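Chemist: Sequences are here, hints too, so could you generate the full structure?
For the protein sequence lines, the chains are A and B, in the order given.
Just so it is clear: in the first sequence, position 338 is 337 by numbering that gives the first Met the number 0, and no numbers are missing.
Just so it is clear: in the second sequence, position 116 is 115 by numbering that gives the first Met the number 0, and no numbers are missing.
It is worth saying that the hints were derived from the structure and are not from the lab.
In this list, chains with the same sequence are indistinguishable; a pair is considered to hold if it fits within one copy or across any two.
Straight-line distance between alpha carbons at most 25 angstroms, and here's what the computed BS3-like set of lysine-lysine pairs gives:
#1 K254 with K307
#2 K13 with K163
#3 K255 with K163
#4 K128 with K215
For clarity, every value in this text was computed on a predicted model and none was experimentally measured.
Here's the letter readout for the chains.
Number of protein chains: 2
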Amino acid sequence: MSESRIHCAALGAKIMSADEAAALIPSGVNVGMSGFTGSGYPKAVPAALARRIEAENARGQRFRIGVWTGASTAPELDGALAKVDGIEMRLPYQSDPVCRERINAGEMEYIDIHLSHVAQFVWFGFLGKLDVAVVEVAGILPDGRLIPSSSVGNNKTWLEQADKVILEVNSWQNSRLEGMHDIYYGTQLPPHRKPIPLVGAADRIGEPYLRCDPGKVIAVVETHSPDRNSAFSAPDENSRRIAGHILEFLQHEVKKGRLPADLLPLQSGVGNIANAVMAGLNEGPFENLTAYTEVLQDGMLEMIKSGKLAHASATAFSLSNEALAELNADLDRYRERIVLRPQEISNHPEVIRRLGVIAMNGLIEADIYGNVNSTHVMGSKIMNGIGGSGDFARNAYLSIFMTPSQAKGGAISCIVPMVSHVDHTEHDVQVLVTEQGLADLRGLSPRQRAKVVIDNCAHPDFRPALRDYHERALAHGPGRHTPHLLGEVFDWHLRALRGERM
Amino acid sequence: MSESRIHCAALGAKIMSADEAAALIPSGVNVGMSGFTGSGYPKAVPAALARRIEAENARGQRFRIGVWTGASTAPELDGALAKVDGIEMRLPYQSDPVCRERINAGEMEYIDIHLSHVAQFVWFGFLGKLDVAVVEVAGILPDGRLIPSSSVGNNKTWLEQADKVILEVNSWQNSRLEGMHDIYYGTQLPPHRKPIPLVGAADRIGEPYLRCDPGKVIAVVETHSPDRNSAFSAPDENSRRIAGHILEFLQHEVKKGRLPADLLPLQSGVGNIANAVMAGLNEGPFENLTAYTEVLQDGMLEMIKSGKLAHASATAFSLSNEALAELNADLDRYRERIVLRPQEISNHPEVIRRLGVIAMNGLIEADIYGNVNSTHVMGSKIMNGIGGSGDFARNAYLSIFMTPSQAKGGAISCIVPMVSHVDHTEHDVQVLVTEQGLADLRGLSPRQRAKVVIDNCAHPDFRPALRDYHERALAHGPGRHTPHLLGEVFDWHLRALRGERM
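Modeler: In structure tokens, the structure reads:
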């Protein structure tokens, strides 16, 4: 079966094992790998490379590479390479527990980059030389063009920028994905850039295949391995409440004439709250919706199935096994409604601003003035990364951030006096939602924002202490615009670090 | 002389005094005023309104309005209205000392907004109703169209969105400004937005006049008053050094092939360092430069005069009297090289990203990891506002921030362990420059950034303490990705608040 995926003789001649391909990657190089939110990443070569690194290490040879991807991958890639300490520098996003531990132990460098910036930074030459690309595809056409896999990510850029290319042809990927992708080849370097001609979430502005110079391909590896499909958890009570507040708000905005009846294209971060919001929308009053987002999760697939969501644009799938079965069972129909694009287009400020996206993203903590920390625990430890949240929040029509009001069984308040790290400033946060309620921050000064954030979003157990802080800061802080008491502003975090309740 | 500026009979019939016009503005309304960086703001009606408010206050009547502008104005507008406590809510940017005092005393609400967001937020209905527009123009055509003044700012939006319009026709403004402006009327609300067809800094995509429904005009006031032209100070030693580091860096980037020989369009914040950088470029090796910026200061005018700068696009002038005389003496020539646009276009992420702007902005403090505070002193007191720095920094080809390494005669380090307020996150700061040197943060992890920021940018007097903090944070912080000691991270600011050296 797998042989039928490689229809180009020149590339068919380069078929080899993952170990043979991994042997072609030298230490010290930068490797651009496919993969975005656990889909479309290479399944065999990274693991083979990890084995090789382990063997080199056992011989006392240090062997490390730079790993660039679309976004997060899976244990077979990030996990395997991090375990053998094989990653010198990782970018632009990761969510692997072993990786995270290495980074926070100071054993691996990590650059957390807006996902829309990555491709252009490589083109600009800002991140150094890309030596090798390792890209999973669903098939190879007779002329050498590639059928993309379950994510597009930065693959176009990796294939164009790398000196050498290793392809993994994964026969586990549905061959009927062919035609779902839209690879835009109209990007240029400044000063030669032209407008991106995308004016609707469903628009196709490119071609369905990835181009690849066959002369650069040094190996083709056949695989038959599943993506890291995560189990879908049914929304918990908090997520359902958050979704309820958002639905009520969107209905209010439609009633006030500030949103059309079919809303505007939805962007939704990854995770259970996001899925709950989609479930709420699926049962809600809105029809003929569209999505312009990074990742297509179960919730959105369900909405396409029900007919609520007319079209979705993303750069990757991130599905449970059940949702994947649903997708595969009716792929011809879904292909009409889903477009997968390079992340430089799915996350492009120009397009997000033009379409007027409704952005909904999660967070680690928010402060009373509306600043958001999406990435760092206690200001120091990276959790995952900023991903595309900045691309969407800054350029959205409506920028919504959502979180349960507390964590660790009530020991931690997700609303704090001052966030310990800022990823999204007060300027980019228009609506904050917890299970407690929704704070509409539009048109409010910092002092006014603090009142509604505390009253509407903080957990009642933490409200008195937040009010007390804010009132004392107003009375004794060095200024009353965004009043703070710098001598105690992180006492909440310090208590948590001592294992106490915030 | 002034009569010749009003060529429309219907509007000529509405000429009245500033006091009569001010009497048409009720308390409690939102007023959209022209004005950007001290140019093109109404000179008479705000002052008349301030007198009226003072009289109402004396009778025990509270009288306050919302004041929306392009950006900063002048003592006759912000100063006069703030002095009589006549402003309930101010947005999106100000730099007036009386205003600032009121805001920081908690007596006036202020919303600091990305300048590219303002027009669209008003169109979206996010900031409430705009009741009255008070807009300075340089003249009125027979058909009622308006010749814009020395700034465009949000005037197009104010004229379209306000229920009532008051025009100030200022005969002090050079009538030959006619034809310099480019007002783009192709904006739409989502989902009807189309690409903005601007592909070069010099492109004209609109028309030279502002449209205005004559039926909405309730008053026309004739004035003959100068803009708040600030004296130009020659660059000091620190500014010259900063400029020198930037020039050296740009030459290096050209040599490395990462910038074209004629660079890319320049954006330059306001102030003496910005002027110094322009003076440096004016004596430097680059030819045929362009600018795509907010504000055209003396430095850029000088570069146009010398021929170094082929074209400049901005939304406002901000000139010294000497530079203004130069502009007026040769306006026909400058009109060929300068375009003034609405700020929603001058600051549009779509256009800034497309053109690949080199953004150069100032700051209050930066931290060792590259986060930038542009707005708040000691985390609480607003200085001016974020202005357009976020529009440019996030979307630039190169995002450069610059500052002297210390302030208050060495009592304050502008490089601190953690900024007390974040306007630009580590994700949006690629280059940091002080008189000490330049830190190229591209492709560096937070730990690596800290090293070059301390070594290259911090003042030598503060380097040992910064290194000590960073090393102890690495050893004892809760994580080594962006290591911080939250219990002491603001000790630097607390010392400054006690009047001690940081």
